[in-house]
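Going line by line, the protein sequences match chains C and Y. Our numbering runs 14 ahead of the 1-based position in the first sequence. Our numbering runs 14 ahead of the 1-based position in the second sequence.
Hints listed in this document are in silico derivations from the structure and should not be mistaken for laboratory results. Predicted, not measured: the structure shown is a model, and the values here were computed from it. The reader is advised that the hints may include incorrect statements.
Calculated pairs, DMTMM-like style, for lysine to aspartate or glutamate (alpha carbon to alpha carbon, straight line, at most 25 Å) [as the list claims (entries may be wrong)]: (1) C:Lys435 to Y:Asp29; (2) C:Lys301 to Y:Asp366; (3) Y:Lys294 to Y:Glu82.
Derived coverage of chain C by chain Y (criterion: at least 3 residues anywhere in the stretch with Cβ under 8 Å from a Cβ of chain Y; other residues may be distant) [claimed, not checked]: (4) 120 to 132; (5) 148 to 159; (6) 345 to 353.
From the three backbone atoms N, C-alpha and C, an ideal C-beta is built for every residue, glycine too.
Single-letter residue listing:
2 protein chains.
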Amino acid sequence: MKKEMFGHEISLLRDTFRRLINRKANTNLVKLIEKTHSADLAVIYRFFTDDEQDYLFSLMTNNEYTAEFLSELDDSILEDLLENVTPERIVPIIRIASSDDQTTILNALPEEKAKTIIDSLHTDEQEEIEEMLAYPEDSAGSMMSTDVFTLNEELTAGEAIKDLQNQEDAEMVFYLYVTDNDNHLAGVVSLRALVTTPSSTKLKNIMGKNVQYVRAETDQEEVAKIVSHYNLLALPVVDSNDEILGIVTVDDVVDVIREEATEDFLQMAGAGKDREILLKSSWGNAKARLPWLFASWIGGVVAILIIGYFENMLHSVVALAAFIPVIIGMGGNIGTQSSTIVVRGLATGRVDLRGDLKLILKELSVGLILGSLYGLLLGILAFFFFKDAPATFGLVVGLSICASMIIATSIGTMVPLFLRKLDVDPAIATGPFVTTTIDILGVGIYFLIASALLL
Amino acid sequence: MKKEMFGHEISLLRDTFRRLINRKANTNLVKLIEKTHSADLAVIYRFFTDDEQDYLFSLMTNNEYTAEFLSELDDSILEDLLENVTPERIVPIIRIASSDDQTTILNALPEEKAKTIIDSLHTDEQEEIEEMLAYPEDSAGSMMSTDVFTLNEELTAGEAIKDLQNQEDAEMVFYLYVTDNDNHLAGVVSLRALVTTPSSTKLKNIMGKNVQYVRAETDQEEVAKIVSHYNLLALPVVDSNDEILGIVTVDDVVDVIREEATEDFLQMAGAGKDREILLKSSWGNAKARLPWLFASWIGGVVAILIIGYFENMLHSVVALAAFIPVIIGMGGNIGTQSSTIVVRGLATGRVDLRGDLKLILKELSVGLILGSLYGLLLGILAFFFFKDAPATFGLVVGLSICASMIIATSIGTMVPLFLRKLDVDPAIATGPFVTTTIDILGVGIYFLIASALLL
Numbered sequence: 015m016k017k018e019m020f021g022h023e024i025s026l027l028r029d030t031f032r033r034l035i036n037r038k039a040n041t042n043l044v045k046l047i048e049k050t051h052s053a054d055l056a057v058i059y060r061f062f063t064d065d066e067q068d069y070l071f072s073l074m075t076n077n078e079y080t081a082e083f084l085s086e087l088d089d090s091i092l093e094d095l096l097e098n099v100t101p102e103r104i105v106p107i108i109r110i111a112s113s114d115d116q117t118t119i120l121n122a123l124p125e126e127k128a129k130t131i132i133d134s135l136h137t138d139e140q141e142e143i144e145e146m147l148a149y150p151e152d153s154a155g156s157m158m159s160t161d162v163f164t165l166n167e168e169l170t171a172g173e174a175i176k177d178l179q180n181q182e183d184a185e186m187v188f189y190l191y192v193t194d195n196d197n198h199l200a201g202v203v204s205l206r207a208l209v210t211t212p213s214s215t216k217l218k219n220i221m222g223k224n225v226q227y228v229r230a231e232t233d234q235e236e237v238a239k240i241v242s243h244y245n246l247l248a249l250p251v252v253d254s255n256d257e258i259l260g261i262v263t264v265d266d267v268v269d270v271i272r273e274e275a276t277e278d279f280l281q282m283a284g285a286g287k288d289r290e291i292l293l294k295s296s297w298g299n300a301k302a303r304l305p306w307l308f309a310s311w312i313g314g315v316v317a318i319l320i321i322g323y324f325e326n327m328l329h330s331v332v333a334l335a336a337f338i339p340v341i342i343g344m345g346g347n348i349g350t351q352s353s354t355i356v357v358r359g360l361a362t363g364r365v366d367l368r369g370d371l372k373l374i375l376k377e378l379s380v381g382l383i384l385g386s387l388y389g390l391l392l393g394i395l396a397f398f399f400f401k402d403a404p405a406t407f408g409l410v411v412g413l414s415i416c417a418s419m420i421i422a423t424s425i426g427t428m429v430p431l432f433l434r435k436l437d438v439d440p441a442i443a444t445g446p447f448v449t450t451t452i453d454i455l456g457v458g459i460y461f462l463i464a465s466a467l468l469l
Numbered sequence: 015m016k017k018e019m020f021g022h023e024i025s026l027l028r029d030t031f032r033r034l035i036n037r038k039a040n041t042n043l044v045k046l047i048e049k050t051h052s053a054d055l056a057v058i059y060r061f062f063t064d065d066e067q068d069y070l071f072s073l074m075t076n077n078e079y080t081a082e083f084l085s086e087l088d089d090s091i092l093e094d095l096l097e098n099v100t101p102e103r104i105v106p107i108i109r110i111a112s113s114d115d116q117t118t119i120l121n122a123l124p125e126e127k128a129k130t131i132i133d134s135l136h137t138d139e140q141e142e143i144e145e146m147l148a149y150p151e152d153s154a155g156s157m158m159s160t161d162v163f164t165l166n167e168e169l170t171a172g173e174a175i176k177d178l179q180n181q182e183d184a185e186m187v188f189y190l191y192v193t194d195n196d197n198h199l200a201g202v203v204s205l206r207a208l209v210t211t212p213s214s215t216k217l218k219n220i221m222g223k224n225v226q227y228v229r230a231e232t233d234q235e236e237v238a239k240i241v242s243h244y245n246l247l248a249l250p251v252v253d254s255n256d257e258i259l260g261i262v263t264v265d266d267v268v269d270v271i272r273e274e275a276t277e278d279f280l281q282m283a284g285a286g287k288d289r290e291i292l293l294k295s296s297w298g299n300a301k302a303r304l305p306w307l308f309a310s311w312i313g314g315v316v317a318i319l320i321i322g323y324f325e326n327m328l329h330s331v332v333a334l335a336a337f338i339p340v341i342i343g344m345g346g347n348i349g350t351q352s353s354t355i356v357v358r359g360l361a362t363g364r365v366d367l368r369g370d371l372k373l374i375l376k377e378l379s380v381g382l383i384l385g386s387l388y389g390l391l392l393g394i395l396a397f398f399f400f401k402d403a404p405a406t407f408g409l410v411v412g413l414s415i416c417a418s419m420i421i422a423t424s425i426g427t428m429v430p431l432f433l434r435k436l437d438v439d440p441a442i443a444t445g446p447f448v449t450t451t452i453d454i455l456g457v458g459i460y461f462l463i464a465s466a467l468l469l
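Modelling step: build the complete structure from the supplied sequences, incorporating the hints.
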């Protein structure tokens, strides 16, 4: 995260666009759009007003560039932009778009409008699109490209190259998938191998037979794991008959990995899971964050009840109040460490469910080590600085810190493991739930120890 | 994160390995290793004891598979494994390894041993390896493969294909980089375009001229941004003369994105940045987490001093103590939301430094909205449930919650932006620093408001 070369270039480009928009320099704008990478233009769009966005889009032609640009936009920007656009403008773009871009664009439209657009396509186009739209969101099926190029295993390398030369549509060919006579996925050949083999060699003699593949309903996170684990550039998607439906390419997987990481980050902090939260208004932003703060509100109220219950003890040893923040803070922080390590470990496959007990015991011993250390430090501090308090006060503080940190590591470890067992994404609720539970238990154990040792 | 198909297969494979190891079934083990993907074997290694790891490695032959397997291992496992291996065993593996795998293996060895190995290679091999090792860690240079295949722009497509057929070493050819007569990077041609063009066409007429590239010293995070932003499969690395040094491939970029996300996760939680923290002993684990807990310890001690200072006020209104956890908790949680949104926004390029003020104002208004809401809720609760306290007590609680949440959003937003301005990775210190600051300021403002309104 050091240099900002890349961001800097984007900023310059954005300023140029803005100057030209202000001057309504349409001819120059059209030229600049042509020279700008669709991915760059999509990023720059984040910084334009709605009017600027609409204006610039009205200058764009109905070509593949425009389709790519639309699919690169943030979802919320795409939705806003398409709201003001007629179906007639979108139809030719849909027609020219690759199958995964089609899905992205149509999913961003209100259902009514999407239907109008689909209805005005040819029957075969309609069928293909409706099939794509039927796959669950975030599945391999919804992110695959159906423009895939397959070859029969009985073909020779030379015949395969000829076939390839007649295929213009197929997406990024570097792996060529080979099928048997029943049209089942049988192997994979790299274009490189095809070119460097004598042209009379049959594909079945040069293909790799151990092909990784997924089903259309496989979750995108699973797809990402497989692609990144085996260092693949593409992954074929097959139906229950092992016939190829499409391929997922690594560039889409890279997006998934980034997006899933961002979602996990936000969820761990209890800030919803909307990657585009920065594009929302303050109200929208507050609404997304409100429910998770409610969890910590509940925790706060329970803590009020606990402390209220021990009011008399507080009256006699007022110094107890001074240590409430540190007991909660140390517990909360070490608990967050544990839960973050476990949640990330589950996401990256480093934590595996059969090692649960070992993991919990290890975190417990980390809690014991650090709890003893910080308990000792704070116990001594309490003993020497609060001379008015009873002699056992230092002991109360030390034991409470230690207990709260041990409890925190176990809660922090067990909550995500438990959520995972329930098939709930551990990132979702771990953050707020763990800190709230630790707050309550920390305060509770502190006052229990105090009432046992001070009275 | 729903299905565990992938993890399940790995578990089965691990059990099979373990059974064969226990039976010392060497012949079967050798066969099983051959059939197992190097990436799978590397993951399974995490679950083996040191002895099992050494034993299995002793059965592996000195081929490219072994080199790949070694480079797929977690760093700490690789270091442990190589510790017990003689230089004589490693030399032939290094010789056969691709340039990026060479770097990984040599970097995992103690300096002495690495030197012995390098010294026993041929002079030209030595030079190449020493050049690679000289690039800074986490730079494009250290992750590139130098086995790159370039073509002169004056060649025809047909000549280029012939050239390609004689190149066996070059890494994953799907983009072919084209150079001009001065050997400068001039363009890029896909292997596909090469195959589908009439063989007499010159490369300079079919190549794309707008090639993205980086320098050898570019940080890997920048590399990852470029590759993912432009959906590339590979990125050429050039020297100051624009001559190609090597290429970084997308599979390595995928690893970088995953690793950087994991590091950011751990750093945000103040758990160090070692991705392999789960492989550490309890002591090692505790040591990595101790310093960050010290930050919250300091915060706790300051809170003790503040509350200690207001001891007399606490004596008269003991109910004040009951609201300490909720004031700290609400502030801490909303502050963590803000800082997470900003840190992740900086990492993904969604936050750009010139929009600082706008972002801070927005977060402040989110703090105001949610602070007013929760302040009202808790103020009313305090008013009705703590009848013994002064009539203004509800007001004190309400205002303090509101103030603490507004302060928390601004601290949470400004700290990462400020760290970034200082060229410090905002993920590093944001977590513990933000919560500690919020703890202190929250307690401080609470007791200040109380002393102003209650006395």
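Each hint, compared with the structure:
1. C:Lys435 to Y:Asp29: holds (21 Å)
2. C:Lys301 to Y:Asp366: Measuring from Cα to Cα gives roughly 24 Å; hence the hint holds.
3. Y:Lys294 to Y:Glu82: holds (24 Å)
4. 120 to 132: violated (count 0)
5. 148 to 159: Violated, because only 0 residues of the region 148 to 159 of chain C bring their Cβ atoms closer than 8 Å to Cβ atoms of chain Y.
6. 345 to 353: Since three or more residues must qualify, the claim that chain Y covers the region 345 to 353 of chain C holds, with 6 doing so at under 8 Å.
Against the hints set out earlier in the document, violations occur for numbers 4 and 5.
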